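Number of protein chains: 2
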Amino acid sequence: MKSHLIFLIALLFIYQINAQETLIGFTPENTQKQITLETKFDAQLSADNLEEWMKLMSARPHYVGTEFGEENAKWIANQFKSWGYDTRIDTYHVLFPYPKIRSLELTSPTQYTTKLTAVPVEGDPYTGQGDELLPSYNAFSIDGDVEAELVFVNYGIPKDYEELEKLGIDVKGKIVIAKYAGSWRGIKPKLAAEKGAIGCIIYSDPKDDGYVRGDVYPKGAFKNKTGVQRGSVMDMPTYPGDVLTPGYGATKNAKRLEIEDAPTITKIPVLPISYEDAQPLLAALDGAVAPTSWKGGLPITYHIGPGPAKVHLKLEFDWQLKPAHNVIATMKGIEFPDQWIMRGNHHDAWVHGAADPVSGMVALMEEARAVGELAKAGNKPKRTLVYCAWDAEEPGLIGSTEWVEDHKQELQKKVVAYINTDGNGRGFLGAGGSHSLQAMVGEVAQSVTDPQKGVSVHDRRMAVNLIRGGTDKFELYALGSGSDYTPFIQHAGIAALNLGFGGENAGGEYHTIYDTYSHYKRFKDPEFAYGVTLAKTAGRIVLRMANADVLPFEFKQWHSTIAMYLDQVIKSCETMRADVEKHNKLLDKNAFELAADPSKPFVQPQRKARIPHLNFTPLMNTLDVLKMTVEEFSSKDFTKLSKNQLVELNKMLMKSEHILTNETGLPRRSWYKHQIYAPGFYTGYGVKTLPGVREAIEQENWEEAQEQIMLLSGTLKNLDQHIKNMSAL
Amino acid sequence: MKSHLIFLIALLFIYQINAQETLIGFTPENTQKQITLETKFDAQLSADNLEEWMKLMSARPHYVGTEFGEENAKWIANQFKSWGYDTRIDTYHVLFPYPKIRSLELTSPTQYTTKLTAVPVEGDPYTGQGDELLPSYNAFSIDGDVEAELVFVNYGIPKDYEELEKLGIDVKGKIVIAKYAGSWRGIKPKLAAEKGAIGCIIYSDPKDDGYVRGDVYPKGAFKNKTGVQRGSVMDMPTYPGDVLTPGYGATKNAKRLEIEDAPTITKIPVLPISYEDAQPLLAALDGAVAPTSWKGGLPITYHIGPGPAKVHLKLEFDWQLKPAHNVIATMKGIEFPDQWIMRGNHHDAWVHGAADPVSGMVALMEEARAVGELAKAGNKPKRTLVYCAWDAEEPGLIGSTEWVEDHKQELQKKVVAYINTDGNGRGFLGAGGSHSLQAMVGEVAQSVTDPQKGVSVHDRRMAVNLIRGGTDKFELYALGSGSDYTPFIQHAGIAALNLGFGGENAGGEYHTIYDTYSHYKRFKDPEFAYGVTLAKTAGRIVLRMANADVLPFEFKQWHSTIAMYLDQVIKSCETMRADVEKHNKLLDKNAFELAADPSKPFVQPQRKARIPHLNFTPLMNTLDVLKMTVEEFSSKDFTKLSKNQLVELNKMLMKSEHILTNETGLPRRSWYKHQIYAPGFYTGYGVKTLPGVREAIEQENWEEAQEQIMLLSGTLKNLDQHIKNMSAL
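Protein chains in written order, with this note's numbering: chain A, 2 to 730; chain B, 2 to 730.
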């Protein structure tokens with residue numbers, strides 16, 4: 002028996018060596034050290050800390066400019082100090098509107114005054130904090146006092162306006178009412194204003210996060226009839242951050258735009274409301290019945306209008322500069338102090354923000370504490386770690402953006418990668434970011450155990466992908482926007498990741514007074530097990546990047562991803578072409594008119610312009626060459642380089658993401674420099690990959706599309722040369 | 002100027018000759034006569050008659066056994082007589098249950114007593130007829146008194162029970178509540194009973210035909226909160242018609258089954274309710290939240306249960322024999338009196354039945370009146386016309402079924418085809434039936450003008466097909482069940498068609514007290530223009546079949562349709578095989594368990610059995626041979642045959658549909674003889690083409706599937722020989 006056991010242990014040992022001797026970027030020897038370090042790291046992590054800190058930090062509302070927010074920042078800073086970090090608070094002075102007047106009434110054909118207030122619920126004392134709770138509003142709505150007929154515009158996204166056009170309905174001079182969801186909220190007033198609307202109401206339909214989804218709070222996790230989602234509506238796809246200081250830090254004495262000149266404040270007033278408040282407004286609409294896909298979950302027939310419902314919307318804000326306190330905690334690397342691994346999460350919330358952002362913040366802090374413990378025990382990182390707790394993320398990624406803008410040159414020189422987290426909960430790993438880091442993240446995901454199922458978080462993710470009809474290939478999603486990675490990757494061209502668990506934590510609390518510890522504890526991650534798992538995952542990524550012999554950038558997976566994006570873009574042209582041909586053929590046959598119900602309004606669709614054939618060959622050829630280049634690069638064993646050569650190689654690897662940017666930026670939004678990833682101009686958070694080319698095609702701007710193809714090809718050629726230079730080492 | 006005009010007229014004349022000299026089945030000479038006849042026929046039709054007759058016939062409820070129903074039958078008979086038809090009333094004595102006790106209460110955890118009564122509405126005096134309105138119930142529910150926990154089963158169709166199984170929910174000993182729609186209603190209690198449920202409630206969800214679809218009655222056409230759909234739940238997929246006399250006519254002295262032995266009465270009590278009555282029951286459910294696709298439009302979270310909602314359902318019926326009065330009106334053909342073109346529509350209704358069936362009945366009557374006028378003017382049909390107004394269609398196609406069973410042998414000898422109509426409204430031509438008639442129906446559709454758009458009803462249908470992503474090839478849909486064509490085609494093997502207009506007449510009045518003249522006039526076909534168009538369409542088909550030199554059966558389109566069905570069946574096997582392989586692969590990877598949320602109930606799915614490869618080659622070979630045979634047949638010019646040969650050919654053509662039947666019928670339901678078309682055993686009205694083979698595959702009964710392939714191949718070989726015999730003439 003005993004000899005069998007020894008044999009088994011030996012087998013296990015051999016297996017472990019074999020399985021792990023190839024940790025990406027590590028020599029076999031350093032792999033073993035690193036694995037030992039990670040085991041020690043895991044042992045430090047305590048779910049109790051996460052829970053205790055969440056209670057502390059989400060005890061009261063802490064949006065930017067609040068005293069409690071500042072207290073939180075100071076408390077976070079003190080924590081970091083106690084764990085051995087050099088910690089400072091970098092404060093910026095940023096414009097933040099606080100609502101003074103919020104009034105919305107149905108004035109015709111019946112009268113209804115909206116309540117605009119969510120009710121406290123039993124069992125959740127946080128919801129009973131009265132006036133301290135930030136009133137529900139959309140930050141960076143312009144002031145306004147408008148009265149007009151109402152039009153229901155579904156989600157208020159481009160294809161909804163196409164549908165309205167088909168029905169012959171114009172929103173010019175009207176106030177639109179749009180459902181939350183379907184796009185980032187800021188797109189709704191932006192597009193409504195472009196179409197001539199004079200006001201915009203956004204409401205949460207029960208189909209999207211209310212009773213249709215599940216039981217409502219406090220019985221269940223979903224939105225009760227009084228809940229209202231707050232949120233920023235600044236034009237972030239143009240630029241995020243302080244609206245008065247585009248492209249540079251909002252320091253105390255920075256030069257500022259006049260408020261009326263700030264291009265990212267909305268053009269029309271916007272107000273979010275609950276579904277209890279929305280129902281009388283929607284019920285008072287008449288006109289065409291909404292298309293099936295537009296219909297929500299209220300017990301009414303959804304009509305589009307315009308009118309006879311008429312509403313009066315009045316909004317006035319107190320526009321003040323508020324201090325945004327970013328906590329910056331540094332642990333200097335012992336070998337490469339000028340190579341920084343950055344890690345961040347925001348600390349400000351719309352109200353209590355237990356899930357968003359505190360659940361991510363406490364995981365980051367526990368990770369940092371454990372790293373501090375390791376350092377105290379002599380395991381200091383080779384590279385410098387910078388932990389950040391951002392302020393003013395909610396109103397528009399303001400804290401992080403101002404800081405990145407303010408430190409851009411230094412960051413571009415020193416930062417290896419920025420790893421972001423935000424809200425977190427029970428479920429599956431979601432990881433997005435630079436695809437040169439995909440292989441490393443996949444490797445990390447295989448080494449972290451899912452707390453519910455006992456397999457790796459990688460394997461659980463793959464299982465759910467398979468069940469949903471996908472593949473079992475680990476992939477990073479592409480980053481659009483919606484959290485603090487944006488200034489790093491899309492403005493500064495720094496490799497970035499965004500990590501979080503979720504999928505078993507659905508609810509309707511997002512940006513409402515119901516995002517509390519009480520709600521989180523019941524519905525999101527009761528044991529804080531996924532908080533610990535997030536700390537393990539992000540912590541491993543930080544530690545591997547900090548200690549790797551060769552920085553773990555990998556270009557074969559990067560290449561196949563970019564090739565897939567190009568394929569998508571080419572196919573989208575073909576689809577557009579086929580659609581146009583089909584559409585025009587239907588017009589030739591007069592099919593639209595013949596199929597139309599004469600008792601309903603009908604607008605004969607326009608003939609569509611031919612979709613020209615774009616010349617994609619420069620991109621195809623560049624990608625073909627790149628393929629050979631990355632294959633050669635991947636075949637090298639860099640661990641055998643001399644120390645100096647390794648230093649040189651790592652410096653070059655750090656720059657590889659920046660090569661994918663272009664200093665002139667994207668057309669009409671020069672703040673966005675990255676040529677591979679950007680938030681969509683008309684989707685907001687939703688990513689557009691190869692954005693210059695893709696969006697020109699979507700807007701049918703063929704000349705620009707061809708220019709962008711050439712530009713992107715040039716960018717990719719630069720990377721090709723850069724990788725060749727690295728291979729030559 | 003004048004010479005130009007003459008030239009134009011000459012051109013027009015030549016064009017007309019050319020365009021129409023090939024009317025299917027007619028010599029060029031007789032084509033011209035027929036077209037002239039059809040022009041005269043059209044000129045006779047008056048929309049005013051349709052409206053006047055609808056008001057008359059739908060003035061009061063007229064379900065089988067009512068005095069008003071009998072009055073209607075007599076009045077219809079007198080009308081036919083006045084138009085020159087030999088008219089009689091054939092009466093059968095059929096079991097019809099009238100509700101004595103209807104009681105449904107929520108007994109726990111809260112109390113609610115359902116109202117079970119729709120309210121009268123302003124502007125519609127018919128809805129105020131009080132006790133004369135037939136109470137809402139499902140005919141051929143068994144009597145019962147049950148109390149149990151409730152389970153929500155979505156539409157209560159097979160895939161819903163698969164979903165319940167995944168969730169570990171059993172309905173054994175429970176009462177199920179299912180939404181109307183998704184299948185024929187009778188499937189719901191049938192399947193519930195098979196799964197062990199002891200009662201079944203069916204309700205109309207507002208998402209399916211209530212406020213979600215559009216404004217409710219009386220503001221709009223859809224179902225208000227009190228409306229209840231009546232309807233039969235007898236097991237029609239086993240056999241329709243009188244439950245006590247399967248396969249033979251329910252004549253006065255016919256031998257009858259005991260009620261307790263009647264296999265088509267439900268096994269458990271069933272009651273339909275309104276959404277007002279359903280809401281408290283559904284709201285009292287707890288347990289798993291229903292899957293997204295199950296959720297309806299009520300302002301609640303849909304839970305599945307079981308319980309804690311408990312309901313008490315008590316039903317008792319008065320089971321009496323009632324007289325069903327079929328009106329049979331004959332106009333003898335002057336050349337071929339023993340070749341009958343049959344035409345029918347039912348006259349009984351659940352309540353007033355303005356749309357269902359009176360809108361179709363009045364179109365049939367106006368058509369018959371016009372044909373009568375033509376006959377009086379000397380244009381008597383060559384073949385015999387038989388116009389039928391069926392009674393007792395609503396409780397289970399009873400009037401027509403008993404009549405067909407009673408006259409089966411004569412009908413099989415004499416009937417060329419049966420053309421059915423039922424409810425009708427504004428919109429697009431829908432035509433289903435024997436595919437040997439497809440070419441002829443398509444030709445007719447091209448010669449009838451749409452009253453709203455001025456193009457042919459064929460072209461309008463094609464336009465809507467194209468807009469919906471289909472092709473512009475005219476196709477008959479395959480007949481399942483749901484109206485009186487069933488006994489003709491599926492039992493007697495007589496070629497049949499079903500015709501109607503619709504698509505711009507949606508509403509929620511079906512089988513409720515709101516299907517009145519007032520509702521019809523506002524929402525269905527205000528000008529009765531589509532009633533006249535239906536008369537034109539069906540009338541042309543009747544007249545062409547009555548007068549054709551060669552009966553207009555065509556087998557090339559028939560063949561390509563059957564070949565497509567075979568292709569579907571073969572592909573369905575491949576899809577099943579791929580699904581099973583994928584499912585088992587997911588099990589191998591333990592993906593179901595890993596992806597499952599441990600806070601929710603989870604049942605590990607079973608490994609699925611391999612899908613064997615069936616040998617379809619006998620069918621493929623037979624269809625290949627048939628292809629050559631029908632091509633040869635189609636290449637012949639039969640108009641050049643001698644008169645005697647023509648008589649012989651037409652006799653053989655009349656038999657061609659019957660050759661597609663098999664006297665032993667389908668497995669487990671021998672009443673259904675047709676081998677190409679049948680209502681699905683678990684879909685009800687929904688058709689299953691090549692039913693013996695297709696349903697054996699769906700039930701994974703591989704031995705039976707292979708047997709049915711051989712059987713069907715034999716049937717098709719018989720047709721092949723039959724067509725060869727015709728070609729040899």
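Source of the hints: derived by calculation from the structure; they are not laboratory data.
None of these values were measured; they are calculated from a predicted model.
Among the hints, a few may not be true.
If several chains are the same, the list does not tell them apart, and a pair holds so long as it fits within one copy or across any two.
Cross-link-like lysine to aspartate or glutamate pairs, in silico, EDC-like; alpha carbons within 20 Å at most [unchecked claim]:
no.	residue 1	residue 2
1	Lys-220	Glu-166
2	Lys-522	Asp-132
3	Lys-572	Asp-625
4	Lys-522	Glu-411
5	Lys-82	Asp-721
6	Lys-583	Asp-473
7	Lys-522	Asp-598
8	Lys-601	Glu-633
9	Lys-454	Asp-589
10	Lys-454	Asp-598
11	Lys-474	Glu-594
12	Lys-474	Asp-589
Open item on the list: Let me make sure I understand: some of the numbered hints might not hold for this structure. Which ones are they, in numerical order?
Closed with: 1, 2, 4, 5, 8
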